[in-house]
Structure formats: structure tokens, C-alpha cells
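Novice: Chains as they are written, first to last, in UniProt numbering: chain H, 1 to 432; chain F, 1 to 432; chain P, 1 to 432.
Hints are computed from structural coordinates only; laboratory data are not their basis.
It cannot be assumed that every hint is accurate.
For identical chains, the list gives no copy identity; a pair is met inside one copy or between any two copies.
Below, a list of computed lysine to any residue pairs in the SDA-like style, where the Cα atoms sit at most 20 Å apart [stated by the list, open to error]: (1) 130 x 171; (2) 356 x 55; (3) 274 x 204; (4) 245 x 265; (5) 356 x 57; (6) 8 x 400; (7) 167 x 210; (8) 130 x 402.
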Amino acid sequence: MERRHTRKFVRTFFTSPTAVEGEDDSAKMIRRAADLRGMQAPDVWVPDNEDATAPSMRDEGAQNIIDVVSEKGGDFPGEIHPRIVWHRDSPTTRYQGFQHMLTIADPDNGAVENIDGFVIPEVGGIDDWKKADEFFTIVENEHGLDEGSLAMSVIIESGAAELAMRKLRDEMGKPDNNLERMFLLVDGEVDYTKDMRAITPTGGLPPWPELRHNTSRGASAAGCIAVDGPYDDIRDVEGYNERMKNNQAKGMLGIWSLTPGQVVEANTNPLPPKTGSWLLDADGREVELTEEDGVFVYDGDRISLEEDGDEYTLTVGGDTQTLDEEELQSELLDLASYVPSMDDIVDSMAEFEAAKEAGTGAIAITRAATLRVDGVEVDIANDRMWDEATYQAAQTPITLFQDVYENRPDQHDELAEMYGADVVERATDVGN
Amino acid sequence: MERRHTRKFVRTFFTSPTAVEGEDDSAKMIRRAADLRGMQAPDVWVPDNEDATAPSMRDEGAQNIIDVVSEKGGDFPGEIHPRIVWHRDSPTTRYQGFQHMLTIADPDNGAVENIDGFVIPEVGGIDDWKKADEFFTIVENEHGLDEGSLAMSVIIESGAAELAMRKLRDEMGKPDNNLERMFLLVDGEVDYTKDMRAITPTGGLPPWPELRHNTSRGASAAGCIAVDGPYDDIRDVEGYNERMKNNQAKGMLGIWSLTPGQVVEANTNPLPPKTGSWLLDADGREVELTEEDGVFVYDGDRISLEEDGDEYTLTVGGDTQTLDEEELQSELLDLASYVPSMDDIVDSMAEFEAAKEAGTGAIAITRAATLRVDGVEVDIANDRMWDEATYQAAQTPITLFQDVYENRPDQHDELAEMYGADVVERATDVGN
Amino acid sequence: MERRHTRKFVRTFFTSPTAVEGEDDSAKMIRRAADLRGMQAPDVWVPDNEDATAPSMRDEGAQNIIDVVSEKGGDFPGEIHPRIVWHRDSPTTRYQGFQHMLTIADPDNGAVENIDGFVIPEVGGIDDWKKADEFFTIVENEHGLDEGSLAMSVIIESGAAELAMRKLRDEMGKPDNNLERMFLLVDGEVDYTKDMRAITPTGGLPPWPELRHNTSRGASAAGCIAVDGPYDDIRDVEGYNERMKNNQAKGMLGIWSLTPGQVVEANTNPLPPKTGSWLLDADGREVELTEEDGVFVYDGDRISLEEDGDEYTLTVGGDTQTLDEEELQSELLDLASYVPSMDDIVDSMAEFEAAKEAGTGAIAITRAATLRVDGVEVDIANDRMWDEATYQAAQTPITLFQDVYENRPDQHDELAEMYGADVVERATDVGN
């Protein structure tokens with residue numbers, strides 16, 4: 001389904017407490033967040049008047065949102081979507097959330113022109129989503145805003161909400177709602193774990209692969225954007241990046257960020273690398289090879305290779321094979337894979353476009369390299385067929401890049417520094 | 001959705017054949033099962049008049065249920081839910097199941113006051129569930145029982161039934177059914193495998209992770225309880241416990257048991273351990289460290305560590321790194337994880353409750369330990385942020401324990417022996 | 001749900017370009033494909049007038065289908081289901097597809113008597129499926145064919161289509177459609193990856209396990225047949241077979257084939273092996289043991305075993321245990337598994353049938369073997385309980401074989417050569 005929003009992609013969903021007790025300025029955290037720029041600034045910033053803010057501070061938090069967003073919102077480079085309180089099981093909480101929306105969106109308070117929408121946590125079945133949508137409509141109507149102009153994002157943190165996503169496509173467009181305002185579907189794994197009553201021995205969060213799949217699919221079917229929940233272990237940068245890679249293979253390209261440091265990682269991670277690299281599957285572990293003068297070198301202990309005349313002895317893990325040169329090449333080709341750079345992807349796309357222009361529907365894209373294991377060098381070459389479908393599937397990271405480039409001028413300098421101006425220019429042009 | 005049943009959790013679902021041919025007393029198996037007490041007695045006992053009993057013995061089986069449950073059911077410590085025959089594709093079978101329900105639930109036969117509900121196997125789409133529900137209603141009406149007083153549990157053993165679960169939340173509460181009686185959603189993987197026409201080389205059951213996720217989610221969305229199917233290899237206690245751990249990370253806290261020995265394992269497994277322990281990820285395999293005088297020792301071959309002045313050489317699998325002390329600590333912290341004891345969980349909950357009382361919304365819970373690898377000792381400390389959501393998610397095993405404690409007085413002695421009276425008392429008090 | 005089609009199983013879905021530019025005979029590829037016989041001929045052959053054929057060649061492609069199928073279709077041993085163009089987002093494309101269907105199915109053109117149905121790519125929600133179904137109905141009506149006589153298969157290559165599958169069971173049988181014509185649900189992972197906007201570092205396809213589960217479940221619930229998408233790396237025969245094994249554990253027994261070589265693999269893979277074999281789980285990798293004079297030998301480096309009097313030292317990966325004989329047997333039994341041959345399965349089925357006849361509901365099937373590791377021989381014996389459900393679940397590969405045998409006489413010779421005439425005869429008789 002067509003996406004109705006300015007942003008086609010959202011890499012980062014950054015929450016800040018709206019009111020902190022015991023500070024001179026209770027709005028300190030959102031005031032600081034509003035000043036973020038470039039890679040530190042998220043695609044979507046969420047002044048969080050729910051879980052990040054103590055219940056007793058939430059009225060003050062709503063006022064702080066008004067103060068900070070009316071002052072600084074106009075210069076903020078990303079979108080702004082405050083999170084208000086909501087709960088499928090509590091009419092009190094829902095009414096409080098409605099009142100906060102009414103206040104924050106009041107044009108007399110000066111913030112609403114910089115506010116793109118609201119985030120609704122703890123939703124239940126689709127009828128609960130409709131209650132929230134109806135409050136958006138009333139708020140818009142009361143304040144003379146266009147119907148549907150405020151985007152609605154939800155946190156998926158119950159089994160009921162997970163089931164509701166599949167209905168969105170059918171419900172959107174019905175005359176009695178304005179669900180076309182739906183924007184982000186954001187997983188909230190901590191509360192989801194509670195709702196599902198899951199237990200792990202260490203108390204760590206389960207991986208919930210099916211939830212993430214269903215959120216990504218729900219977003220695809222309803223023209224929304226899928227975002228993964230918070231990654232608590234802020235210290236663990238590698239784990240955070242690993243999670244993003246896993247999410248991306250599910251079509252979930254956005255993730256929650258808890259700190260500006262996580263924002264930088266999450267803004268950068270889905271973009272193709274500057275430099276291509278070769279990986280080798282070393283007995284179940286993927287190892288990146290080191291380039292030395294154009295040769296890609298494996299220097300771990302999990303793979304060993306000996307040459308004896310025409311014969312090669314290859315040992316991977318505990319398994320040893322004696323091979324001739326061709327068999328060795330074939331075996332290493334199976335273990336090796338290439339991670340293309342931004343430039344490589346642009347090259348392949350341009351090559352395919354030229355072939356299509358000339359009337360050819362499919363071409364082979366070849367990646368060749370010399371690998372070195374235990375001093376023995378082996379040439380491998382990997383062919384991949386590209387047709388229209390491959391081309392379009394490969395295009396996703398480039399389309400993402402182009403969406404970033406168009407909507408985030410504050411990141412142009414950092415992108416140019418990352419890739420070089422030349423690659424940036426080619427990447428913004430290709431495929432259009 | 002709110003759970004409407006006495007038990008909030010069901011750990012064990014134990015089936016017994018209702019009538020065995022060639023025995024003096026064909027009711028021998030259920031007579032013996034009705035005498036089980038303590039950890040050997042399941043939360044839900046299922047006199048099984050379907051697959052466990054030969055087709056020719058099922059009328060006798062229904063009579064045996066009446067005889068045994070009317071005599072011994074009042075003293076049985078768990079709930080009693082006989083399984084009757086049913087099949088989405090066979091009206092003959094459905095009518096036979098209805099007749100057995102009518103007889104077993106007849107108050108003149110003396111069993112129904114000890115019967116909590118019935119288990120319906122082989123259901124199809126939601127309309128098939130409604131046919132069974134209607135028979136419950138007629139049985140209740142004929143026998144002067146309250147509408148909805150007999151719980152209905154189903155075995156999910158077809159793709160159609162898997163799909164039906166997502167509709168339950170929408171259908172419950174409609175005036176033409178009494179589906180609020182729904183209690184357990186139980187996976188039946190053998191027949192499900194047949195229905196899905198899956199093949200494995202060894203003939204073993206596929207793991208069906210998506211089915212188990214969907215059952216757990218369906219239970220969460222409809223206020224039911226999710227239970228996994230039978231684990232055939234009775235000899236393999238380790239595998240059974242492994243399966244339960246995997247299920248628990250999906251929110252499926254109950255499992256089928258085929259023997260009193262399996263009941264003991266399944267009643268015990270979801271409860272937190274008596275003693276905390278440290279695990280180390282040794283090149284992909286989680287190894288529990290041995291405590292020696294307060295130091296946690298790794299003595300396998302997958303990780304090795306050498307100290308040379310300020311420098312450490314750490315080898316995990318085939319990968320060797322040279323690290324300073326701080327890097328080593330960080331590396332081992334990544335590999336280590338702590339499994340909290342019941343007492344640890346209660347401590348953390350009490351600590352958070354006190355902080356919340358004092359107006360603090362989030363605290364760090366620290367776990368510190370000295371690890372020893374190849375004689376080298378390293379101190380590590382693991383901080384975890386706890387906020388309201390973490391607190392509530394961590395509470396699940398304690399709530400489970402409290403549900404067990406309240407509903408299963410016959411297990412009090414064994415629980416006191418497992419944990420000590422002091423820990424039991426703290427665990428029953430915390431969080432209320 | 002009951003399957004309404006001649007074939008209960010489809011192993012192979014083979015696509016061929018309908019019109020190739022720059023050839024003397026643009027129909028060359030389908031002309032050649034129409035001549036395939038035996039294991040090289042697919043269960044379902046798909047002259048592909050969509051992605052495999054250039055857009056400019058598709059009118060010629062439709063004509064080529066008519067020419068080749070009217071001439072050679074009568075002798076083709078599999079079913080014939082041309083793929084036409086379709087897109088959920090393009091009425092132009094849908095109308096073009098309709099026109100091609102009208103022409104190809106025109107009895108005056110002589111092809112339709114050999115055509116079993118059409119394949120519709122790029123479907124969206126269920127209402128989009130209904131649009132296609134309506135065109136089938138109009139085509140049938142215009143040409144005097146029975147309503148519902150042309151089967152409809154779809155390619156699942158969008159989140160919306162994935163969601164639609166769960167509705168099929170509810171929609172079939174409604175008076176305003178003829179969706180009972182539904183036949184194959186075929187995953188199309190390249191376009192699905194694009195639609196879901198997934199990214200992988202290497203550009204390879206994500207594994208999409210949830211999609212494949214949902215397709216298999218959708219097929220089970222609606223009486224259709226599930227087929228996996230193309231496996232691009234034609235060179236990688238091992239990977240293709242690995243994928244099929246993975247699919248089969250999900251109940252997805254069919255797969256796309258891009259070459260006659262892949263057709264042979266995919267026609268053969270789901271059939272039980274000629275010879276049984278023992279596998280050993282060698283530290284996470286399954287290794288097939290080599291038979292030497294009735295003893296099954298492990299000769300890798302991942303497991304080692306030493307005998308010292310009554311004591312055995314077993315090392316698996318880095319973990320060493322000292323065991324007595326019984327413990328060693330139990331440990332090896334846990335690591336070992338048996339892959340039964342066609343003959344073994346038939347034996348077990350016959351054994352269970354005889355027991356059932358004699359009034360026994362469950363029997364133990366024992367597999368015994370002598371294993372040899374590092375020269376030490378150990379006897380193990382594996383018992384498995386068979387009851388009615390086990391019997392029926394184990395029957396799937398035999399039912400598949402029988403379906404092949406009945407519908408593909410052109411494969412009889414190859415099957416007799418694979419298994420021997422005796423085994424083939426027993427396998428066609430058992431279970432009926």
C-alpha cells in the first residue's frame with residue numbers, strides 16, 4: 001500500500017523524558033534533545049510523556065513539550081511525535097492522554113505547527129486503535145486542523161495489538177475513521193514480554209522473531225513504517241548493530257534509540273558501507289577478511305589450507321578434504337560472500353539499467369577476488385544474475401539513502417565525509 | 001484480556017487412558033492417576049477418552065471417568081478436564097463426543113461437581129469451535145448447570161485451528177455463543193504435522209516455532225492459557241526441560257505430560273531456581289560455571305586465558321585476542337550472564353518497590369562476580385536498569401509461583417523443601 | 001480442508017520463458033520444455049509470460065503458448081499452468097493479463113484442453129484475488145468451459161498477499177466467487193523482499209521462515225498446495241536440497257525449479273531414500289556415518305572416544321566426559337538418529353497395521369545399530385512409540401509417493417530403478 005507520509009523511511013525513533021524531577025529545569029532532557037543535529041538527530045524524535053516520565057510529572061511534561069517544541073521545534077531536523085499516555089484496559093489513562101493531546105495541539109500554545117503526530121502506547125485490538133484515532137479527529141476538529149493531518153503511531157506491546165496490525169489494511173479508508181493517519185508501528189518488547197508472560201532464565205528479553213516479522217508485514221500491507229523497540233544494553237554497541245542487521249533482513253529498517261550515541265549508530269547502520277568486503281564462513285562464524293595489497297586474507301584458526309603440488313588440503317572446523325584446484329575454488333566460493341559498497345550497488349544498478357535500455361532483461365554481475373589462507377592464494381569469482389526483480393530488491397538501500405538525503409540536509413556534510421562527494425552524487429541520481 | 005479462570009497459570013496437562021483393554025480393572029490408569037499428589041499431580045488432569053484410549057473402549061472409558069471422578073475427584077489437587085472425541089471433518093465423531101459429555105456431566109452420575117471442563121481435540125475453524133461450545137451450553141442447560149460453568153479447552157492440531165485462534169478475541173462475548181468458557185489452547189504437534197503434511201528425514205517432529213508463538217499470542221489476546229503438546233521421548237529428561245525453556249521464552253508456560261515423572265519436571269521447571277548461577281557463552285555453547293569458594297570457574301576447553309604482566313591472551317573457539325585488563329573484563333562480561341535465584345528476583349523486586357516508593361522511577365541492579373579461567377581470576381560486574389516495565393516483566397515467575405502456592409496446597413511441603421520456608425514466605429508476599 | 005484437485009502433491013513448479021528475443025524460433029524454450037519426460041519433467045509446468053519474458057515479447061509469448069501447448073500439451077506428463085501478467089497496483093497490467101487468458105483459453109485456438117489453469121503473480125489483498133477469480137469465471141463462461149474448471153494459482157510476493165491467505169478458507173464457497181478453483185500458493189521471495197523493503201549485507205535473500213510457515217498453513221487450511229520460490233544459485237545443488245529439507249519440515253513440499261536439473265533434484269528430494277542411514281550430531285553438525293560390514297563408522301575429528309577397561313572417555317567438541325558402558329550408550333543414543341529408507345517406512349506401517357488389526361493401539365519400533373568411533377564399537381538401540389497419530393504423520397512421504405506413482409507413469413521406470421520393483425510395489429500397496 002502506498003505510504004502517505006513525507007518520510008518513506010524512518011531509521012531512528014529517539015525518546016526523551018519530558019519532565020525530570022529534582023532538576024532546576026525539569027525540561028532539561030527534551031531541551032537538550034531538541035538541539036541535536038546531523039547524525040545525532042533522529043528521523044523521529046519522541047518527547048516521551050509516558051514510561052520515560054514519572055506519572056506525577058506528566059502534566060508538567062505536557063507543558064514542557066509545548067514550551068520546548070514551540071521554541072525549538074521549527075529548527076529541529078527530524079519529525080516530532082510526542083508520546084502520550086494510553087492503555088487498552090484503562091479509560092482513566094485514555095482520557096488523560098486525550099487531554100494532553102488537546103493541550104499540546106492547541107494552536108494558541110504555539111507548538112502544533114512543529115508537531116507531526118502523536119505516539120500511542122499500549123494499544124489493544126483494532127477497536128482500541130479506533131478510539132485513539134477518534135480523539136485525533138476531535139483534536140483536529142476542535143483546533144481547526146485538517147482531518148488526518150496529525151500522524152498516529154502505535155507501540156505494539158500486547159498480543160492483541162499484534163493481531164490488530166493484520167486488520168489495518170481492511171479498516172483504513174472506511175468512512176467512520178481516519179486511520180489513514182497511521183505512520184509508525186513500533187514494537188515494545190519489554191511490555192510485550194510482560195503481556196505474553198514470557199520467562200527467560202537470565203531475565204533478558206526473548207528475541208520475538210515472529211512479532212518483528214508480523215510488524216514488518218503489517219507495515220508493508222498498510223503503508224506504514226516498522227520500527228523495533230529499545231535495546232537496553234547501551235554499552236553493547238556491537239549487539240545493537242547485530243540486532244539492526246537482523247531486523248533489516250525482516251524489512252524492519254527503523255529502531256528505537258535511547259541515547260544520541262545509539263541514534264548515530266542507528267542512523268548509520270542501514271546505509272551501505274563505504275568499502276566493499278569479503279566474508280568467509282569459518283565453520284559457522286562469519287569472518288571479515290583483511291585486505292592486503294588487493295588480496296583478501298583469512299588469518300584465523302578455524303580454516304586451514306595446505307598446498308602440495310596440484311593437491312590442496314582444506315580443513316574447516318574438524319572436517320578435512322583433499323581437493324584439486326577447481327574443487328578448492330568451488331569450495332571457497334561456497335564459503336565466501338561479498339558485501340557490496342554503496343558504490344558497488346550504484347555500479348550494478350547502472351549496469352542493469354544500461355542493459356535494460358539495450359533490450360536485455362537479465363545480466364550477470366561478477367565479483368572476483370584473490371583469497372589467501374595460510375599463505376596459499378586462490379582466485380574465486382562469484383556470478384549473480386540480475387533481472388528486474390533483483391534490481392528492484394537491491395534498490396532498497398539506495399532508495400533509503402535518497403530519502404535520507406532529501407529529508408535530512410543537516411546530514412549532508414557527514415554523508416559526504418563518509419562516502420566522498422562523488423559517490424553521494426551518483427547515489428542520489430541512480431534509479432530515478 | 002482478563003483471565004476468567006481460577007488458575008492464572010497451568011504448568012502441566014497430564015493425560016491418562018480412560019479404559020485399557022485386557023486389564024482386570026479397565027479404569028486402572030485413571031484410578032492410579034487420581035491418587036497423584038504434590039509435584040507428581042498435574043495442574044490439569046485429563047482423563048483421555050480420545051487418542052490414548054482405543055476406539056472400541058471409549059463408551060467404557062466414559063463410564064470409567066464417571067466412576068473414578070465421582071469417587072476420587074473431590075480429593076484431587078488439580079483441575080479435572082476429560083478429553084472427549086471430536087473431529088472437524090466427522091459429524092459422527094462430534095455427535096459421539098456430545099453424548100459422552102452429556103453422560104459424564106449428568107449430576108445423577110455424581111462426577112460433574114469434580115469436573116472443571118472438557119478438552120476438545122481436532123477442532124477446525126472458529127465455526128467448528130462454536131459447534132462444540134453450543135454442545136457445552138446444551139449440556140449445561142439440560143443438567144441445570146450455570147451457562148459457561150464448564151471450561152472448554154481445545155487441541156490445536158490443524159492449520160485451520162491455528163488460524164481460528166486469532167478470531168477468538170473478536171468472537172467472545174457475542175450473544176450467540178458462550179466462548180468466554182475458553183480455557184486452554186493446547187498444541188498437538190503430531191496431528192498438526194500430519195495436517196500440515198510435513199516431512200523430516202528421521203520422522204521426528206518439526207519444532208514448529210511459529211505455531212507455538214501463535215498459540216501463545218492467541219492465549220494472550222483472548223485471556224486463555226497456552227500449553228505445548230506431548231514430548232514423546234520420555235527417556236530424554238534434558239530435552240524435555242530444554243523444550244520448556246524454549247516455550248517459556250515464547251510465553252507458553254504449560255506443557256503436556258505423559259508420565260508422573262514428566263509431571264514433576266514440568267511442575268518444577270518454570271519456577272525460579274533455588275540458587276543463582278553464572279553462564280558463559282563458550283563459542284556458541286552456554287556453559288554453567290562451577291562455584292568454588294565464591295569464585296565461578298570455567299574448566300572446559302573452548303575458552304582459554306593466559307596472563308602475561310598487564311596483558312591477557314583470550315582464545316574463544318578459534319579466535320585469539322590480546323587484551324588489557326579492562327578490555328578483558330568487557331569481553332568476559334559480554335560472554336557471561338547471570339541466572340537469578342528466586343531469592344534474587346524477590347530482592348530486586350523489593351529494591352525497586354522501595355525506590356519507587358521514594359519517588360525514583362528507575363534503578364540499576366548490579367550483579368558482580370569473580371570468574372576464573374585457566375587459573376586467571378577476573379572481576380566482572382553487570383548493571384541492569386530496572387523501570388516499571390522491567391519490574392512487571394520480571395514479575396511473571398513470581399506471579400506464577402504465587403498462583404501455584406495459592407491453588408496447590410498439596411505442594412507446599414515440597415516447595416518449602418526446595419526453597420526454604422523463608423524464601424517461600426518472601427516470594428508469596430512480594431509484589432502484592 | 002479437502003483438496004479438490006487431481007494432484008494431492010506438487011513437487012515441482014518449472015517456469016520457462018514464453019518468447020525469447022533474437023532467436024529464430026522465439027518459442028524455443030517452451031518448445032524444448034514441452035518435450036521433458038520422466039524425472040526431468042515437472043509436476044506443474046509454467047510457461048511464464050511474466051517475469052521470465054521481456055515486456056515487449058508478451059503478446060508473442062501468449063501466441064507461443066497457444067502454438068506449443070496445442071501441439072505438444074496432450075503428451076506432456078505434468079499439468080500445464082501458464083503464468084500471465086497481473087499487478088495489485090496496476091489496472092493496465094490486470095487487463096492485459098485478462099486478455100491473454102481470454103486468448104489462450106479460447107477453444108478455437110486448440111490449447112485450452114491441455115491447460116489446467118493459470119498462475120497469477122503479484123496479487124494483493126483477498127479482494128484482488130477475487131478480481132482475478134472473476135476474470136477466470138468470465139473466461140470460462142465466454143468459452144463454454146465449466147465454472148471453476150480452470151485452476152488458479154497465485155504468487156505470494158507482498159505482505160498484503162501473505163495476509164490474504166488466512167482469509168481463503170472463509171471466502172471459498174461464497175456465492176459471489178469461485179475461489180474453490182484455488183490450487184497452488186507459491187512464495188516469490190525476490191519480489192516479497194522488495195515489497196517488505198528488506199536489506200541484507202550481501203544482497204542475498206533473507207530466509208523468510210515465517211512467510212513459508214504462513215503459506216504452508218494457508219494451504220493446509222484451504223485445501224491448496226504450498227510451493228516455495230526460486231533458488232537462484234543454480235550451481236549450488238547442495239543448498240537447493242538443504243532448502244527443500246527445511247521446507248518439508250514446514251509442510252511445504254513443492255519448490256520452484258529454474259532448470260531441468262533443478263527439476264530432477266526437486267522431483268527426487270521429497271521421496272524417502274533407497275537406503276536407511278545413521279546420523280551423528282558431531283558438536284552441532286550432523287554427520288552421516290559410513291557403513292562398513294554392518295558397522296556405522298564415524299571418522300571425523302569432532303568426536304573422539306577412548307576405551308580403558310570398563311571406562312570410556314568421550315570428547316564432543318571441547319567437552320570431555322568419563323562414562324561407563326551404559327552411560328556411553330545413552331550419550332551416543334542422544335547424538336545418533338536414524339533416517340529410515342522407503343522400505344523401513346513401509347515395514348513400520350505394515351507392522352503397525354498388523355498390531356492395530358490385532359487390537360493393539362501402540363507399538364514400539366526399534367532401530368538398533370553398532371557404531372564405531374576411533375575403533376571403539378558401541379551398540380545402541382532406539383525405541384520409538386507408534387500410535388495412530390504417529391502412523392498417520394509418518395505416512396505423508398508414502399502418500400506423496402503414491403500420488404506420484406498414480407499421476408506420473410512416465411516416472412515409473414526411474415522409480416523402479418531407484419528403489420527396485422519390489423519396494424515400489426510394497427510402497428504403492430501399503431496404507432490403502
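Novice: Could you figure out if residue 356 and residue 57 sit no more than 20 Å apart (CA to CA) within one copy, between two copies, both or neither?
Specialist: Classified as between: cross-chain Cα gap 14 Å, same-chain 60 Å, threshold 20 Å.
Novice: At most 20 Å between CA atoms: does that hold for residue 356 and residue 55 within a copy, between copies, both, or neither?
Specialist: between (60 Å within a copy, 11 Å between copies)
Novice: Regarding residue 130 and residue 402, is the shortest C-alpha distance of 20 Å or less found within a copy, between copies, in both, or in neither?
Specialist: neither (34 Å within a copy, 36 Å between copies)
Novice: Using 20 Å as the alpha carbon limit, work out where residue 274 and residue 204 are close: within a copy, between copies, both or neither.
Specialist: between (34 Å within a copy, 19 Å between copies)
Novice: How do residue 245 and residue 265 come out at 20 Å by Cα distance, when the copy is not named: within, between, both, or neither?
Specialist: Within one copy, since 12 Å is at most 20 Å while 33 Å is not.
Novice: Can you tell me if residue 167 and residue 210 fall within 20 Å by alpha carbon in one copy, between copies, both or neither?
Specialist: both (17 Å within a copy, 18 Å between copies)
Novice: Up to 20 Å between alpha-carbons, please classify residue 8 paired with residue 400: within, between, both or neither.
Specialist: within (8 Å within a copy, 44 Å between copies)
Novice: How would you label the pair residue 130, residue 171 (within, between, both, or neither) given a Cα cut-off of 20 Å?
Specialist: The answer is both: 9 Å in one copy and 18 Å across copies each meet 20 Å.
Hint 8 alone, counting from the list given before, is not met by this structure.
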